[in-house]
Amino acid sequence: MTFSTRSTVLALNSAAEQQKTKQSDSKWQEHGPTALTDAEVRRIRNDFPILNKEVNARPLVYLDSGATSQNPVSVLEAEQEFYEQRNAAVHRGAHQLAVEATDAFEDARATVAEFVGVTDSELVWTANATAGLNLLAYSFSNASVGHAGSAAQRFLLKPGDEVLVTEMEHHANLIPWQELCRRTGAKLTFIPIDDNGALRLEEAERLITGRTKVLAFTHVSNVLGSINPVQELTAMAHRVGALVVLDACQSAPHLPLDLTALDVDFAVFSGHKMLGPTGIGALYGRAGLLDAMPPFLTGGSMITSVNMSGAQYLPAPQRFEAGTQPVSQAVGLAAAVNYLGETGMERIHRWEMELGQRLVVGLQGIDGVRVLGPVAGRERTGLAAFDVAGVHAHDVGQFLDARGIAVRVGHHCAQPLHRRLGLTASTRASTYLYNTTDEIDQLLDAVAHVRGYFGADGSGERR
Amino acid sequence: MSDLDVLYQQIILDHAKVRTGGDLPESQTAAAPVFPGIGQSHQLNPVCGDEITLRVTVDGGKVASVRWNGAGCAISMASASVLSELAEGVGPEELLGLIGNFREVMRSRGKLAGDEEMLGDAAAFSGVSRYPARVKCAMLAWVAAEQALHQAVAVH
Chain G
6 MTFSTRSTVL
16 ALNSAAEQQK
26 TKQSDSKWQE
36 HGPTALTDAE
46 VRRIRNDFPI
56 LNKEVNARPL
66 VYLDSGATSQ
76 NPVSVLEAEQ
86 EFYEQRNAAV
96 HRGAHQLAVE
106 ATDAFEDARA
116 TVAEFVGVTD
126 SELVWTANAT
136 AGLNLLAYSF
146 SNASVGHAGS
156 AAQRFLLKPG
166 DEVLVTEMEH
176 HANLIPWQEL
186 CRRTGAKLTF
196 IPIDDNGALR
206 LEEAERLITG
216 RTKVLAFTHV
226 SNVLGSINPV
236 QELTAMAHRV
246 GALVVLDACQ
256 SAPHLPLDLT
266 ALDVDFAVFS
276 GHKMLGPTGI
286 GALYGRAGLL
296 DAMPPFLTGG
306 SMITSVNMSG
316 AQYLPAPQRF
326 EAGTQPVSQA
336 VGLAAAVNYL
346 GETGMERIHR
356 WEMELGQRLV
366 VGLQGIDGVR
376 VLGPVAGRER
386 TGLAAFDVAG
396 VHAHDVGQFL
406 DARGIAVRVG
416 HHCAQPLHRR
426 LGLTASTRAS
436 TYLYNTTDEI
446 DQLLDAVAHV
456 RGYFGADGSG
466 ERR
Chain Z
202 MSDLDVLYQQ
212 IILDHAKVRT
222 GGDLPESQTA
232 AAPVFPGIGQ
242 SHQLNPVCGD
252 EITLRVTVDG
262 GKVASVRWNG
272 AGCAISMASA
282 SVLSELAEGV
292 GPEELLGLIG
302 NFREVMRSRG
312 KLAGDEEMLG
322 DAAAFSGVSR
332 YPARVKCAML
342 AWVAAEQALH
352 QAVAVH
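Chains as they are written, first to last, in this note's numbering: chain G, 6 to 468; chain Z, 202 to 357.
Because the hints were derived from the structure by calculation, they are not lab data. All of these numbers come straight from a predicted model, not from anything done at the bench. Here a beta-carbon is modelled for each residue, glycine too, at the ideal position from N, C-alpha and C. Keep in mind that the hints are not guaranteed to be accurate.
As a list, the in silico EDC-like pairs of lysine to aspartate or glutamate whose alpha-carbon atoms are at most 20 Å apart [as the list claims (entries may be wrong)]: (1) Z:337 <-> Z:260; (2) Z:312 <-> Z:204; (3) Z:337 <-> G:406; (4) G:58 <-> Z:260; (5) Z:218 <-> Z:252; (6) G:192 <-> G:172; (7) Z:218 <-> G:172; (8) G:192 <-> G:167.
Quick look at which bits of chain Z chain G covers, simulated, 3 or more residues with Cβ under 8 Å [stated by the list, open to error]: (9) 245 to 256; (10) 332 to 340.
Given the sequences, and given the hints that come with them, work out the whole structure.
Shown next as structure tokens:
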């Protein structure tokens, strides 16, 4: 490899930093099962047909799983089997196929609920995480204009109330809250981040007050790869009676997740980021909360009785599942979490942590590359976003694509975060259980050549 | 030449570095001055955040200058630079024609090559048309110029 070992701007430089590093190191290296091995990952890759594809006459190096993941054969087959053997409308009809389809749909719910440590009545199917967050925001909005009566008082927002988010949120966990505040007169506030992208917890302490009604934040940043202290933040919010909404899009696919143990009130995640199909995601709501919330989308399959002046609604989860549901997608997602569960989430998590460290150590060693988020040695999931001095992220992505390497470029739906870090765009490499150390090395080797190619390293001529 | 080199012709990389017209002061990008013969447009590519504010000045029936302030990828910045070179001294109608021609080449999915006689250095962007995700980068400044030009002529 050609990149140098020179440390960049974000190098560890104080004793305190190094002490912290040791602490976070030990947290994830000491106990429990071991990480996957390179040999196991090579076997895992055989389950993913698309990974055999060639792109620009090079073997595909897929490092964009943070945006969308690939599907193992078992997921593709589960969907096909459903359509070939059991397809029918669920929760209606008395015929045999309808019964089988309903069973498949509800078994899938139970499987996915168990995977994230909740019961099936607490898990609502949504189109994706964005839909789940909008469901919450619109249900709270409906509660705020008096729907669902006094039972829904908890969800009522009015002028003087605050919804608290963080500066690192994906737009999906920001804009629905902005709009909710606009509709209700509540105020949106945010926990800022420091120059390295870490949440400023002392500010959280100050910002979480009696006015705070909702605290919505991401478990794992889709740009920084850092893991936020869910229990600490949740405890702070619960002390003032606020509801906690967790964006688990980048955690549910990559680490063992027990939403009940984390004590959050709501959580969302997307199926396509965790080896499942598109068009399916889930909203978790703590037992008791969902049943007290007014519905958002209304229509068929979510009522007990209807007359010309109004309707009575079913309890959750059906309360929030109006219209025909993504049934084969639910079946596919259940197959996906079975695949993840059989492989072992702790082992996957540790493997991706290793890949994440390999990424950040390598990237930090390349001249002119600035890694966003935790420096090498600090806790980070298997992704890294970075800036290449003098070369726009779009050009970096194009250069990598010519070598068959797929990464995400742009603001990754986190414009405020990029602006805070002084950037408009970055390049992000994000791994999953099927990525090898060799693929990371290919990426690093390619990134080491980017500035030379674009003449951004001072040589002025393309090399 | 590799596919990548076809996309990033040396002439494009040169323009991305030394940018003709790219000296419109930031302080002047907020609002367009309302004077006869001056038009200004702001364009944003929401996919990648590339941005440009471009001002066209028309004097005596010819484009006197194209100046801009922008941030973005090599393709979008170089494209603004070649446009600025191309536009100077050209009549507004003729420039609108050139913009139309450039758009046609960009949208051709690699089927049309730009005419160097007509488009000058902008012909080097023909390779971009094979990358649908990058066509908007190349078009950013040209769309801005088209809008600014209509404005400049309308006020005339």
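Status of each hint after checking the structure:
1. Z:337 <-> Z:260: Judged against 20 Å, a Cα distance of about 29 Å means the pair is violated.
2. Z:312 <-> Z:204: holds (15 Å)
3. Z:337 <-> G:406: holds (18 Å)
4. G:58 <-> Z:260: violated (56 Å)
5. Z:218 <-> Z:252: Holds, at about 17 Å.
6. G:192 <-> G:172: Roughly 15 Å between the alpha carbons, so the hint for residue 192 of chain G and residue 172 of chain G holds.
7. Z:218 <-> G:172: Distance ~33 Å between residue 218 of chain Z and residue 172 of chain G Cα, so the pair is violated.
8. G:192 <-> G:167: Cα-Cα ~5 Å, so holds.
9. 245 to 256: holds (count 5)
10. 332 to 340: holds (count 3)
Hint compliance for this structure: hints 1, 4 and 7 are broken, all remaining hints hold.
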